[in-house]
Every structure is written in C-alpha cells, then in structure tokens.
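Novice: Using the sequences plus the hints, can you model the full thing?
Position 692 of the first sequence, counted from 1, bears residue number 682 in my numbering, the numbering being contiguous throughout.
Simulated from the structure, these hints should not be mistaken for laboratory data. Being a predicted model, the structure only gives us computed values, none of them experimental.
With a straight-line cut-off of 30 Å between C-alpha atoms, the simulated DSSO-like cross-links for lysine-lysine are:
{"hint": "1", "residue 1": "K173", "residue 2": "K380"}
{"hint": "2", "residue 1": "K290", "residue 2": "K697"}
{"hint": "3", "residue 1": "K56", "residue 2": "K380"}
{"hint": "4", "residue 1": "K485", "residue 2": "K380"}
{"hint": "5", "residue 1": "K173", "residue 2": "K119"}
Label-pair restraints from in silico Cβ distances:
{"hint": "6", "residue 1": "E434", "residue 2": "S347", "range": "44 to 50 Å"}
{"hint": "7", "residue 1": "G296", "residue 2": "P195", "range": "37 to 43 Å"}
{"hint": "8", "residue 1": "K290", "residue 2": "S666", "range": "33 to 39 Å"}
C-beta: ideal position from N, C-alpha, C; glycine also.
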Amino acid sequence: MDDVSHILDDLNEAQREAVTAPVSDLLVLAGAGSGKTRVLVHRIAWLLAVEGASPWSILAVTFTNKAAREMRGRIEQLIGQPPGGMWVGTFHGLAHRLLRAHWREAGLPQGFQILDADDQFRLVKRLLKQLEIDDARWPPRQVMGFINARKEEGLRPQHLDDGGDFYQRTLLRLYTEYEQACKRGGVIDFAELLLRAQELWRNHPDLLAHYRERFAHVLVDEFQDTNAIQFAWLRLLTQGRGNFFVVGDDDQSIYGWRGARVEHIREFQQLYPDARLIRLEQNYRSSGNILNAANALIEKNASRLGKRLWTADGDGEPIRLYAAFNEIDEARFVIERVQQFIDEGHRRDEAAILYRSNAQSRLFEEALRQAGIPYRVYGGQRFFERAEIKDVIGYLRLIVNRDDDVGFERAVNQPPRGIGPRTLDALRAHARDFGCSLWRAARELIDGGRMASRARNALLGFLELIDACDEDGDARLDERVESVIEASGLVAYFKKSRDGRGEDRIENLSELVEAARGFAATYEAESDEPDVLTAFLGLAALEAGDTQGAEHEDCVQLMTLHSAKGLEFPLVFIAGVEEDLFPHRMSAEDPERLEEERRLCYVGITRAMRQLYLSYAETRRLHGQETTPTPSRFLRDIPPELIEEVRAVAPVSRPWSGAGGAGLAEVGFQLGQRVSHPRFGEGVVLNAEGQGRSARVQVNFETSGSKWLVVAFANLAPC
DNA sequence: GATTTAGACATTTTT
DNA sequence: TGTCTAAATC
-9 MDDVSHILDD
1 LNEAQREAVT
11 APVSDLLVLA
21 GAGSGKTRVL
31 VHRIAWLLAV
41 EGASPWSILA
51 VTFTNKAARE
61 MRGRIEQLIG
71 QPPGGMWVGT
81 FHGLAHRLLR
91 AHWREAGLPQ
101 GFQILDADDQ
111 FRLVKRLLKQ
121 LEIDDARWPP
131 RQVMGFINAR
141 KEEGLRPQHL
151 DDGGDFYQRT
161 LLRLYTEYEQ
171 ACKRGGVIDF
181 AELLLRAQEL
191 WRNHPDLLAH
201 YRERFAHVLV
211 DEFQDTNAIQ
221 FAWLRLLTQG
231 RGNFFVVGDD
241 DQSIYGWRGA
251 RVEHIREFQQ
261 LYPDARLIRL
271 EQNYRSSGNI
281 LNAANALIEK
291 NASRLGKRLW
301 TADGDGEPIR
311 LYAAFNEIDE
321 ARFVIERVQQ
331 FIDEGHRRDE
341 AAILYRSNAQ
351 SRLFEEALRQ
361 AGIPYRVYGG
371 QRFFERAEIK
381 DVIGYLRLIV
391 NRDDDVGFER
401 AVNQPPRGIG
411 PRTLDALRAH
421 ARDFGCSLWR
431 AARELIDGGR
441 MASRARNALL
451 GFLELIDACD
461 EDGDARLDER
471 VESVIEASGL
481 VAYFKKSRDG
491 RGEDRIENLS
501 ELVEAARGFA
511 ATYEAESDEP
521 DVLTAFLGLA
531 ALEAGDTQGA
541 EHEDCVQLMT
551 LHSAKGLEFP
561 LVFIAGVEED
571 LFPHRMSAED
581 PERLEEERRL
591 CYVGITRAMR
601 QLYLSYAETR
611 RLHGQETTPT
621 PSRFLRDIPP
631 ELIEEVRAVA
641 PVSRPWSGAG
651 GAGLAEVGFQ
661 LGQRVSHPRF
671 GEGVVLNAEG
681 QGRSARVQVN
691 FETSGSKWLV
701 VAFANLAPC
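Specialist: This is the structure we're talking about:
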C-alpha cells in the first residue's frame, strides 16, 4: 500500500472513519464547519490510493459551479495531479454532458440549446400572449414556477390530472404548449436537463447498465439540497450497488422553496438500509459562544435528525446584540464596527454583512461608500445574463439552429432594424398556424410576397445576415463571435445610445470575445461535443459567470444569508433580526417554512468564526412605510448569557428633524442619556417624539427592555 | 423608435 | 421608498 498518511494525517477520528470506510453506502451527517467537503475530497483520494479505484469510476456531484470548481481544485491538490477521467460537476453540468453524448436516445436534436431562467420567462410570456391567456390571472412567473415544480417532481403533462377546475386546466395546457414550443425550437430548460437525463437512463436500460458499471463510486455533497428528480437520478445509478457516499446537513437545508427536500436524508436511510451513518460534530470554525448559540437555536426545530456541534476552542467573545433606533442607525453602527475592525489591522474581506433580503443591502452600501470602505455585494447580475451579452448569444444560437425561436426573438430587432411589432405579430401568427418556427415563417412570408416591401426587406436583411454569419464556420470561435458582433450592428447601436451605458456595453462585448478566445484555447474537442460554438453556448447558460468583478480586491463582503452558505468569516454581522423581516413575513404562518427560516439563521450564525453581531431596528422604513418591528423570535432562542447587549451611544448631533419631532432638549433629556424610573430602574434614552405634555421618550431599561413613556407622567430622573 | 410617465409591487437563487 | 415594466406620448 502506498503511503496514505497525507490523506489521513489532519483528520479527526470521525472524519477518518468516513474517509476510510469500506466501500458501501454511507451517510455522513456533517454539521456546519465540521469539514464536510474535506471528507469528500479525502474520500476520493482514499478510493484512488487504497481501494485501487480508477479516476474513471468516480462520479462526484455538487450543486454549484463554485463548489464543483473547489472540489476539483482540492482533489488535484491532494493527489498531485488533475483528476482526469473523473466526473466532477453539478447535477446540471453532468446531465448536460450525458445528454450531449446521447442526444439521439434522449430524443433531442444534436445541437440542442439550453434556456436559462430569463429565456424561459420570455418564452412563457410569449406563449401567454399567443394563447390569449390573461397574464393577470396566470402571471408568467407563476406559470414558470408551476412548470419547473412539476418537472422537478418528475411529472410530465400526461402524468397530471387537470384537477377539474379552469385554473389548473389552463396551467396544464400551458405546460403542454410550453413543451411543444421547446421541442419545436430544439431547446431545453434547466429542469428539463435533469428530467431528460433521468428518463434517458430509465428508458434505456443498456445505457444505465453501462453507467452503473462504470461509476463504482458515487459521491454527493450538500445532499440535503437535492430535489426529487436529482435523487431519482442518483437512485438509478446507485440502488443495489453499495457505492453511494453522501454528505449533508439537515440543519442547513434552506432551499426547500426551490424543491429541495430534506426528507431525502431520511429516505436515504430507508432506501439504503445497510448504509453506515457517521456524524461529524466537531466544529473547527467558530468559538464556543457562537456555537452554543447556534446549537440552542436549532434545537427549537422539531424535525431534525439530531446533532450537536462542539469545539475544542474556548468560549471566545460574546455575541453582541445592537438595538438600533432605526435602519439608518443600524447601518451606521455596523459600519462603525467594521471600520474599527479594519483599524485593528484586519483585512476587509474578513468581515461580512449578512441580511435576509437583498433590498437591505442599500443602506449598508451607502454607509460604506460614505466611509470610503471598499465593499462587494454578491448576488447581482452575472456576466452572461447581461442584456447585450444575451443579444449576441441570441445571434449565435440562431446560427447553430435556425428554428430556435428564443434566439430569434432576441436578435431579430436588436439593434432595431425596422422589424416592428406588426411584422413580428404576423410572423408569430404564421408560425402558430403552421406549427413552424419563426425563421420558417419569415421565409414563407417573404416568399409568399404578401408583405409590405419595407418590412419584407428588413426581414430579408436579417435572414441573410444570419446566413452570412454561418458561412465562416471554420474560423476560430472568438473570430466568429467577433464577426457576429460586427455584423449585427450592435456596437454602432450602443455607440449611439445616450443612456450612459453604451460604452459599458461595448466593453462587455469585447469581454465576450475574450471569453470566447479563452474558451477556444482550453477547449479540447471531446467526442460527445458537437462543436465549439455549441459547447460555448452551453457554458454561457450553465455557468452564467461571476456577479461582479474585483474579486481579488480586499473588500467587505455583503450578501444574503442564503448566499453565505458554505462561507466563513472572522467577523459577521446579521442585520435586521426582526419579525417580518427575519423570519420573513411570508414564512411566518407555516411551521415548516418557519423551521427553514430558523435553519437559515443557524446558517448565518455558524458563518462566524470569532465575532458575531446581531442587530435589529426599533423603527424601520419599509416600502416607504414607517414600521415598528419587534425583535425576532430567534433572538429569544439564544441563551441570554451568550449575548452582550451593546449600549446605544447616540451621536450628539443626530438630526432630529421632521414635523412634530421634539427637540430632545425640549423634552428635557438627551439621546443616550442615562435616566432612572421608579419602577423600571435605570436605562438609556433612545428616542423621542411629540412635544409639550404629549412628548414621549423611548428608554431602553436594563432590566425590562425598551419602553415608550410620556415624559409628563413618567417621573424620569437623570442619573 | 425614443422618452416620459404611471402603476404595481416589494423573499431567498442556482442551474 | 425605490425599482421595474408597460403603456402613452412625442
């Protein structure tokens, strides 16, 4: 046996047990920060080194491209060479690969293209219009959600009952029409990738047998995030095979609303009864107080498999809680602490500000900008999703496949070339009547000679443009992309635009050419890839690129709690810990969704390594409305002894504007001043309003919390 | 075809 | 309150 000490040296007992377990079905329940991915990576190295597994026989699945990249990188680092032959990727990426290799058996055209969420949305919208269905009763988003949810359950229209009522029947009809439209255009959406891949194996036992034979080892990360179709796909590959290694954490399941089912973990235990269960409970990330808070919080959830994290570390600093006057004060406080942290000599990217919803980022951005602290917001628009990029992609798709209506609609009048709504309506009507693509409809209408000559010429010009672009098929990918951009007239169009973003757009277009150059350089023709252009388009759809550049820069990190999963930071702020915001109002009714919110809070807390700040505002402007939220119930789930309340020290010059707002002097107290009350004891003045006899102050009492008191009656004394 | 204006609406997001 | 989309108007 080779020396395997490098694989095992830095592992604890439980990790080692998981890594070295004999090949069989195995479930690793791994808590936050317990070295989950590590175990997976080391397991693969172990299989290669000790079990004599060939890289060829290993399939490792993750959810995001980022996770897949990281896994590949770490495997390479550990075994000292790129993992050639191994299948490491996302569910969608692997399904795509499978379908490219077996397009015929999957019933797809060879050059099939992938619809991203935006393409899908447009298609649904177009369909609603075409079928003259009221988009107020059937909002495109909901229709899309319906279709995706059904596909994620593995259900085709023919499996579904029309429910008898008109609403359901219409949805079903839309689903059917949508499928036909996709088929005509030779396109498939994200959910379809998975469903097709599963059907491919189910309907072709020979193919399935081949892959079952090949993949002697199947490993899955973040198993709690699998949806029904993903699990079904994995089951085909692994059931009765004794080769299924899954890692997951039921407490970190936060994507239920996207079809992920935690129950799959339990189901796993039933379907793979011989599976060994290993728990990883030692946490290497957070200090004791943070961990205890997380444990206490998550214990309030009823449906859990049970797990308690511990650390060999000390208690560390207490968790700090700040009750802000309002959302502006909250941002001020957070940024002040961030600044302090930076002044202590820490890197900016060691600090993260987390929030429940994206809208909350604005105030923090403003405060950071004011303070001159560089920051990065995650979750913005991504490169391949930019309008101008998608325009070019539209042309490219049309070049690959003339019947791709989604590409056609995108490119046909962008830049404007005189093909207006009337011409397009005629095209759509013809396409619908004859069940053909827009491209063919255009051809037929032109040839039929029943068109106004101006529209006819414009349309003909477009068709010829696409055909011409198709001729230099032998050129390098980036040259092709470049000439398409050139021929399309987009650059000239953006140059003319005076909205201030034209230059940006043009720059993005040349970046696209660069991306194509880079892709072509690394692309090695694989037998299952038809051509470079198709492969490039697949990449554009499946890996939409990063949200923002400047990744290398040292920036304070701003993101939602969801996108923080899998990350860690020495200093973490969780802002807006208020009822209706977190847990979100829309989840408050349903106990299951509430548990998911709590898990989300658990995820947030466990991101913190050394310092954790929680904050809420006592008044908050929400949708232009002044609200007075109550502190989140999650705060009550954390034992008070772990929390240190940060005293409100108000800036002296805090503007106290607004009609009817009393100057504090007028009330007789100052913001931040300590006062005592005969019954409530001592506290700090937080806020004031009204004047004269109706003047009220808000006082945060040490023992009984914050209260509004009418000054005239309260008998407050400075102390 | 561009620009303005009114109205709706406001979790979380990857692929 | 701020953003986004669609209709209305130039």
